[in-house]
Amino acid sequence: MPATPVNVPEPSRTDPALIRNFCIIAHIDHGKSTLADRMLQITGVVEARQMRAQYLDRMDIERERGITIKSQAVRLPWTAEDGRTHILNMIDTPGHVDFTYEVSRSLAACEGAILLVDAAQGIEAQTLANLYLALENDLQIIPVLNKIDLPAAQPEKYAEELAHIIGCEPSDVLRVSGKTGEGVAELLNECVRLVPAPIGVKDAPARAMIFDSVYDSYRGVVTYVRVVDGQLTKRERIQMMSTGATHELLEIGVISPEPKPADGLGVGEVGYIITGVKDVRQSRVGDTITSMHKGATEALGGYKDPRPMVFSGLYPLDGSDYPELRDALEKLQLNDAALVWEPETSVALGFGFRCGFLGLLHLEIIRERLEREFGLELISTAPSVVYRVVMEDGTEHTVTNPSEFPGGKIAEVHEPVVRSTILAPSEYVGAIMELCQSRRGSLLGMDYLSEDRVELRYTLPLAEIVFDFFDQLKSKTRGYASLDYEPTGEQMSDLVKVDILLQGEAVDAFSAIVHKDKAYNYGVEMTKKLRELIPRQQFEVPIQAAIGARVIARENIRAIRKDVLAKCYGGDISRKRKLLEKQKEGKKRMKMVGRVEVPQEAFIAALSTDSDGGGDKKK
Amino acid sequence: MPSALPDGLPAPLDGSLPASAVAEGLPADGRPGRPFGFYVHVPYCASRCGYCDFNTYTAAELGGGASQAGYADDAVAEIRLARRVLGDADRPVETVFFGGGTPTLLPAADLGRMLAAIRDEFGLAPGAEVTTEANPESVDPAYLAELREAGFTRLSFGMQSARTHVLQVLDRHHTPGRAQECVAEARAAGFEHINLDLIYGTPGETDADWQASLDAVLAAEPDHVSAYALIIEDGTRIATRIRRGELPAPDDDVLADRYLMADEALTAGGLGWYEVSNWAADGAARCRHNELYWTGADWWGAGPGAHSHVGGVRWWNVKHPKAYAERLRAAESPAHGRELLGDEDRRVERILLELRLKDGCPLSLLKEQGLAAAEHAVAEGLLDPAKFADRHAVLTLKGRLLADAVVRDLVD
Numbered sequence: 086m087p088a089t090p091v092n093v094p095e096p097s098r099t100d101p102a103l104i105r106n107f108c109i110i111a112h113i114d115h116g117k118s119t120l121a122d123r124m125l126q127i128t129g130v131v132e133a134r135q136m137r138a139q140y141l142d143r144m145d146i147e148r149e150r151g152i153t154i155k156s157q158a159v160r161l162p163w164t165a166e167d168g169r170t171h172i173l174n175m176i177d178t179p180g181h182v183d184f185t186y187e188v189s190r191s192l193a194a195c196e197g198a199i200l201l202v203d204a205a206q207g208i209e210a211q212t213l214a215n216l217y218l219a220l221e222n223d224l225q226i227i228p229v230l231n232k233i234d235l236p237a238a239q240p241e242k243y244a245e246e247l248a249h250i251i252g253c254e255p256s257d258v259l260r261v262s263g264k265t266g267e268g269v270a271e272l273l274n275e276c277v278r279l280v281p282a283p284i285g286v287k288d289a290p291a292r293a294m295i296f297d298s299v300y301d302s303y304r305g306v307v308t309y310v311r312v313v314d315g316q317l318t319k320r321e322r323i324q325m326m327s328t329g330a331t332h333e334l335l336e337i338g339v340i341s342p343e344p345k346p347a348d349g350l351g352v353g354e355v356g357y358i359i360t361g362v363k364d365v366r367q368s369r370v371g372d373t374i375t376s377m378h379k380g381a382t383e384a385l386g387g388y389k390d391p392r393p394m395v396f397s398g399l400y401p402l403d404g405s406d407y408p409e410l411r412d413a414l415e416k417l418q419l420n421d422a423a424l425v426w427e428p429e430t431s432v433a434l435g436f437g438f439r440c441g442f443l444g445l446l447h448l449e450i451i452r453e454r455l456e457r458e459f460g461l462e463l464i465s466t467a468p469s470v471v472y473r474v475v476m477e478d479g480t481e482h483t484v485t486n487p488s489e490f491p492g493g494k495i496a497e498v499h500e501p502v503v504r505s506t507i508l509a510p511s512e513y514v515g516a517i518m519e520l521c522q523s524r525r526g527s528l529l530g531m532d533y534l535s536e537d538r539v540e541l542r543y544t545l546p547l548a549e550i551v552f553d554f555f556d557q558l559k560s561k562t563r564g565y566a567s568l569d570y571e572p573t574g575e576q577m578s579d580l581v582k583v584d585i586l587l588q589g590e591a592v593d594a595f596s597a598i599v600h601k602d603k604a605y606n607y608g609v610e611m612t613k614k615l616r617e618l619i620p621r622q623q624f625e626v627p628i629q630a631a632i633g634a635r636v637i638a639r640e641n642i643r644a645i646r647k648d649v650l651a652k653c654y655g656g657d658i659s660r661k662r663k664l665l666e667k668q669k670e671g672k673k674r675m676k677m678v679g680r681v682e683v684p685q686e687a688f689i690a691a692l693s694t695d696s697d698g699g700g701d702k703k704k
Numbered sequence: 057m058p059s060a061l062p063d064g065l066p067a068p069l070d071g072s073l074p075a076s077a078v079a080e081g082l083p084a085d086g087r088p089g090r091p092f093g094f095y096v097h098v099p100y101c102a103s104r105c106g107y108c109d110f111n112t113y114t115a116a117e118l119g120g121g122a123s124q125a126g127y128a129d130d131a132v133a134e135i136r137l138a139r140r141v142l143g144d145a146d147r148p149v150e151t152v153f154f155g156g157g158t159p160t161l162l163p164a165a166d167l168g169r170m171l172a173a174i175r176d177e178f179g180l181a182p183g184a185e186v187t188t189e190a191n192p193e194s195v196d197p198a199y200l201a202e203l204r205e206a207g208f209t210r211l212s213f214g215m216q217s218a219r220t221h222v223l224q225v226l227d228r229h230h231t232p233g234r235a236q237e238c239v240a241e242a243r244a245a246g247f248e249h250i251n252l253d254l255i256y257g258t259p260g261e262t263d264a265d266w267q268a269s270l271d272a273v274l275a276a277e278p279d280h281v282s283a284y285a286l287i288i289e290d291g292t293r294i295a296t297r298i299r300r301g302e303l304p305a306p307d308d309d310v311l312a313d314r315y316l317m318a319d320e321a322l323t324a325g326g327l328g329w330y331e332v333s334n335w336a337a338d339g340a341a342r343c344r345h346n347e348l349y350w351t352g353a354d355w356w357g358a359g360p361g362a363h364s365h366v367g368g369v370r371w372w373n374v375k376h377p378k379a380y381a382e383r384l385r386a387a388e389s390p391a392h393g394r395e396l397l398g399d400e401d402r403r404v405e406r407i408l409l410e411l412r413l414k415d416g417c418p419l420s421l422l423k424e425q426g427l428a429a430a431e432h433a434v435a436e437g438l439l440d441p442a443k444f445a446d447r448h449a450v451l452t453l454k455g456r457l458l459a460d461a462v463v464r465d466l467v468d
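Residue numbers (the working numbering), protein chains in the order written: chain X, 86 to 704; chain C, 57 to 468.
Be a bit skeptical, because a hint or two may be false.
Below, a list of computed lysine to any residue pairs in the SDA-like style, where the Cα atoms sit at most 20 Å apart [stated by the list, open to error]:
1. X:Lys242 <-> X:Met675
2. X:Lys661 <-> C:Thr351
3. X:Lys667 <-> X:Asp648
4. X:Lys652 <-> C:Asp290
5. X:Lys672 <-> C:Leu396
6. X:Lys667 <-> C:Pro441
7. X:Lys661 <-> C:Gly325
8. X:Lys363 <-> X:Val425
9. X:Lys667 <-> C:Leu396
10. X:Lys652 <-> C:Leu396
Chain X residues, not near chain C, derived (Cβ > 10 Å throughout) [claimed, not checked]:
11. Arg98
12. Gln135
13. Leu414
14. Phe438
15. Ile645
16. Asp648
17. Val649
18. Leu650
19. Ala651
20. Gly656
21. Ile658
22. Lys661
23. Glu686
24. Ala687
Just so you know, the hints here were simulated from the structure itself, not pulled from any lab data.
Each residue gets a CB set at the ideal place from its N, CA and C atoms; glycine is no exception.
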């Protein structure tokens with residue numbers, strides 16, 4: 086391990102020429118966190134005895150799933166080959182397609198990017214997408230193959246592939262092992278050598294970009310910034326340029342890797358600020374911070390409001406947990422500017438909330454946190470997208486819940502579409518094309534990344550992806566395909582609402598908006614599934630699928646004829662009474678649809694089979 | 057009696073009961089005493105039947121001194137303990153029922169000795185009903201005569217089916233026809249009341265098989281028939297075979313049809329239903345011991361795993377014959393656990409038990425919501441409208457098949 090760096094520049098007094106800001110672009114399990122751990126060790130900011138795996142991933146859920154949701158910025162002193170101590174700011178980016186916007190802001194805070202690829206697996210679609218983002222931001226790319234210690238590593242093959250993709254020589258691709266630390270020092274030297282120093286105007290009004298914002302229950306919101314121009318100093322009053330809101334700067338500092346207060350932050354520096362706001366929506370990613378007095382007039386570009394793409398109804402299993410669910414959502418929102426929700430009532434599921442998410446992983450993470458951190462048991466309805474329905478009289482409806490799909494004369498229905506990129510071994514091209522075709526995709530193009538790896542580009546309706554697309558893709562390619570997508574607008578489609586009726590009563594939770602050609606299939610499958618899931622009642626229960634008044638599928642649950650224990654003697658009485666108590670408990674958990682008692686398990690089972698894929702998509 | 061014991065409070069080692077529970081059944085203020093009965097469990101069988109999960113053992117010796125030969129002594133010890141626990145008050149026994157297991161696997165003298173102990177400790181009420189269960193293959197005329205001599209008045213034979221292939225699936229070893237012979241032998245021995253047990257819905261049984269069993273039963277002319285739908289209990293051989301796909305699972309709709317066949321045939325044969333699964337020739341032919349269970353009377357259950365009820369206290373004995381023998385030989389109560397029933401528990405139990413009876417349960421037991429549910433059940437054809445007008449909830453034929461569903465609504 087190198088000697089502890091000397092003459093380490095202090096925050097706010099660091100020459101921009103000595104600063105290198107970079108991020109690491111990597112697929113989920115390609116070893117980014119492990120590499121970051123080695124960097125923390127080799128630069129001496131974390132002592133060996135304090136080291137723990139995935140040091141920077143704070144939330145349990147992140148560590149367990151091995152994914153990084155919130156980015157972090159760590160200031161690392163590094164004595165380069167020229168003997169001068171540089172400041173490396175490593176900005177950890179979220180790795181998932183749902184958080185593309187956050188990724189883009191993290192990238193905007195950097196001048197360089199380490200493209201980290203597993204030497205045994207090669208590049209994945211998401212990494213490629215983030216690489217393109219980095220290239221758009223004019224970042225210097227440093228290609229690196231990780232896990233070269235693995236027996237299955239094929240560094241030659243994948244160096245070739247990387248060189249082909251970014252247009253360099255295979256010999257330019259560095260080889261490291263985050264596990265053993267091999268090659269990490271060389272990598273840091275390359276960062277100093279290749280990544281451009283930040284350039285900004287020292288004497289201009291301060292402009293700093295927010296690239297992350299995290300709620301901390303002790304300190305309020307901690308906001309991560311990259312200073313572009315000028316200087317932010319402690320105890321000054323700052324202004325959020327998108328809203329004009331002003332705040333006292335209570336604390337400013339750097340992370341190394343624990344927070345260290347400083348006098349301020351200068352051009353090119355990366356650090357955190359604390360203003361005492363309690364809600365990340367008051368300190369939004371992408372916004373520009375300036376000084377209140379003599380502040381900048383023009384914001385840095387690139388700010389966008391986070392826009393939810395996927396909606397799902399969340400309902401407490403036990404209706405009396407409704408207030409707890411609301412409190413929990415409010416708490417999560419403090420830390421998640423992209424989470425939106427409003428109260429919703431379902432005939433079948435009772436009181437709940439319609440929640441909007443950036444994507445399926447976002448949905449799954451929120452759901453899991455609600456269940457784990459707040460102890461709530463939830464039912465979530467099948468994920469839906471936002472439809473724009475134009476009526477013949479010209480009025481327009483925005484539909485995020487299938488049950489709100491308007492009746493009457495509809496002129497046009499518009500649905501969101503995405504541009505998707507799929508990377509896979511070439512032998513699966515046929516299977517992938519078949520899948521995309523069946524999901525109403527249209528092929529945009531196809532390229533060979535190497536002899537046996539292909540990139541396919543498709544336009545697909547988002548609604549087709551939020552179902553079980555990724556699971557299907559994985560199973561049709563034996564897990565080899567990777568997927569990335571970005572919203573590209575909307576298209577007009579022939580969409581209808583299919584209702585499911587129990588004894589003639591529509592069950593709102595089961596309504597779905599589907600393409601006309603698929604309505605019949607949906608109806609048949611759903612009615613069949615429900616026939617299996619709903620217990621027999623004392624009367625016959627017809628289950629119908631209908632488009633408007635037209636029934637397209639029908640099943641019947643025959644009336645139950647026998648519900649009696651044969652024997653009830655001396656030794657059976659206690660048991661029988663306890664069984665009765667248990668059945669009464671079960672009955673309380675039944676939801677009434679008209680006269681039909683539907684167990685919640687039936688709702689969960691009927692809703693989950695299609696939405697299950699939401700969870701572990703991008704692992 | 058299914059073998060798994062319920063959860064409950066620990067029972068005191070001396071078997072003592074709250075004084076109020078003991079006193080509850082005694083005559084007071086001109087009110088007669090509550091009927092009192094004895095159940096004696098015999099936990100031994102020659103072999104285990106494929107559908108049976110009862111507390112029974114096939115080994116003659118179970119170790120630790122527990123054996124078929126010594127069993128009667130242990131049971132007698134418990135009968136004496138019962139006397140100590142219930143105090144000196146006069147509690148003549150109105151019914152005694154020996155169940156199992158296979159009581160008739162023991163020598164008739166052993167059964168007689170246990171019955172004598174009950175008679176000695178408590179005294180039998182005039183006209184007391186004394187029943188034992190019997191397997192058709194485990195008795196002969198001499199044995200039956202001995203039982204009659206010892207004071208038994210009623211026999212209950214496990215006939216189950218008149219079809220060989222059905223008996224085979226059930227692992228029953230008697231031949232068709234043997235149960236009917238038993239009825240004749242029992243009559244010859246002087247028994248007035250005779251029951252035949254039937255099981256319907258056994259995998260492989262057809263409607264015709266079932267009809268044949270019903271016909272055979274009626275031809276034997278017992279004065280009482282119990283007919284039970286086959287219940288597939290976890291852990292039984294038959295459950296395993298169904299899980300493996302070797303046998304089809306019983307179908308509820310088929311079971312419902314068979315029940316209707318049984319009710320029709322038995323009614324036509326002069327046996328009327330008086331409990332969901334029980335039919336009798338007349339009031340005198342009903343099983344008074346079982347009626348005791350169904351009407352919340354007091355009874356003492358002696359033997360491993362046996363359940364008792366006295367004045368709102370229910371308890372159950374340790375399950376294994378060895379543990380049972382050890383307790384009694386250490387002069388301790390064999391009770392394993394117990395529960396103290398609250399007023400609401402007792403109300404609910406009355407509804408769930410009495411609703412299964414021909415006389416039904418009085419509407420005065422129901423609360424407002426239960427009453428509304430009862431009215432609804434009348435409209436659905438599950439409760440008898442005339443009896444309802446007479447302030448009683450009495451199941452119709454359709455209602456009997458859905459009794460549990462009706463109970464769930466009525467207890468609200």
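Structure-based check of each hint:
1. Proposed proximity of Lys242 (chain X) and Met675 (chain X) is contradicted: the alpha carbons are some 58 Å apart, above 20 Å.
2. Of the pairs offered as hints, the one joining Lys661 (chain X) and Thr351 (chain C) holds, with about 15 Å between alpha carbons and a cut-off of 20 Å not exceeded.
3. The hinted pair formed by Lys667 (chain X) and Asp648 (chain X) meets the criterion: a straight-line CA distance of about 15 Å does not exceed 20 Å.
4. Annotation: proposed proximity of Lys652 (chain X) to Asp290 (chain C) holds, straight-line Cα distance about 16 Å (limit 20 Å).
5. The hinted pair formed by Lys672 (chain X) and Leu396 (chain C) fails the criterion: a straight-line CA distance of about 25 Å is larger than 20 Å.
6. For a cut-off of 20 Å, the pair hint linking Lys667 (chain X) to Pro441 (chain C) is broken: about 30 Å separates their Cα positions.
7. For the hint pairing Lys661 (chain X) with Gly325 (chain C), the CA-to-CA distance comes to about 31 Å; that exceeds 20 Å, so the pair is violated.
8. About 17 Å separates the Cα atoms of Lys363 (chain X) and Val425 (chain X), which keeps this hinted pair within 20 Å; it holds.
9. Distance check on the hinted pair: Lys667 (chain X) and Leu396 (chain C) sit about 19 Å apart at the alpha-carbon level, within 20 Å; holds.
10. Between the alpha carbons of Lys652 (chain X) and Leu396 (chain C) the distance comes to roughly 23 Å, so the proposed pair goes past 20 Å and is violated.
11. Chain C leaves Arg98 (chain X) outside its interface by the beta-carbon criterion, the shortest separation being 71 Å against a cut-off of 10 Å.
12. Taking the minimum C-beta to C-beta distance to chain C, about 49 Å, the non-interface status of Gln135 (chain X) holds against the 10 Å cut.
13. Distance check for Leu414 (chain X) against chain C: the nearest CB is about 35 Å away, which clears 10 Å, and the non-interface claim stands.
14. Look at Phe438 (chain X): its CB is around 31 Å from the nearest CB on chain C, clear of 10 Å, so calling it non-interface holds up.
15. Chain C draws Ile645 (chain X) into its interface by the beta-carbon criterion, the shortest separation being 7 Å against a cut-off of 10 Å.
16. The claim that Asp648 (chain X) is not at the interface with chain C is violated, since a C-beta of that chain comes within 10 Å of its own (minimum 4 Å).
17. A Cβ of chain C approaches the Cβ of Val649 (chain X) within 10 Å, the least distance being about 4 Å, so the stated non-interface status is violated.
18. The claim that Leu650 (chain X) is not at the interface with chain C is violated, since a C-beta of that chain comes within 10 Å of its own (minimum 6 Å).
19. Remark: the non-interface label on Ala651 (chain X) conflicts with the geometry, its nearest Cβ contact in chain C lying 4 Å away (cut-off 10 Å).
20. With a cut of 10 Å on Cβ distances, Gly656 (chain X) falls inside the contact zone with chain C, its closest approach being about 4 Å.
21. For Ile658 (chain X), the condition that its CB be more than 10 Å from all CB atoms of chain C is violated, with the nearest at approximately 6 Å.
22. Against the 10 Å criterion, Lys661 (chain X) falls within the reach of chain C, whose nearest CB is about 6 Å from its own CB.
23. Consistency note on Glu686 (chain X): stated as away from chain C, and its beta-carbon is indeed over 10 Å from all of that chain's, at 18 Å minimum.
24. Even its closest Cβ contact with chain C, about 18 Å, leaves Ala687 (chain X) beyond 10 Å, as expected for a residue assigned away from the interface.
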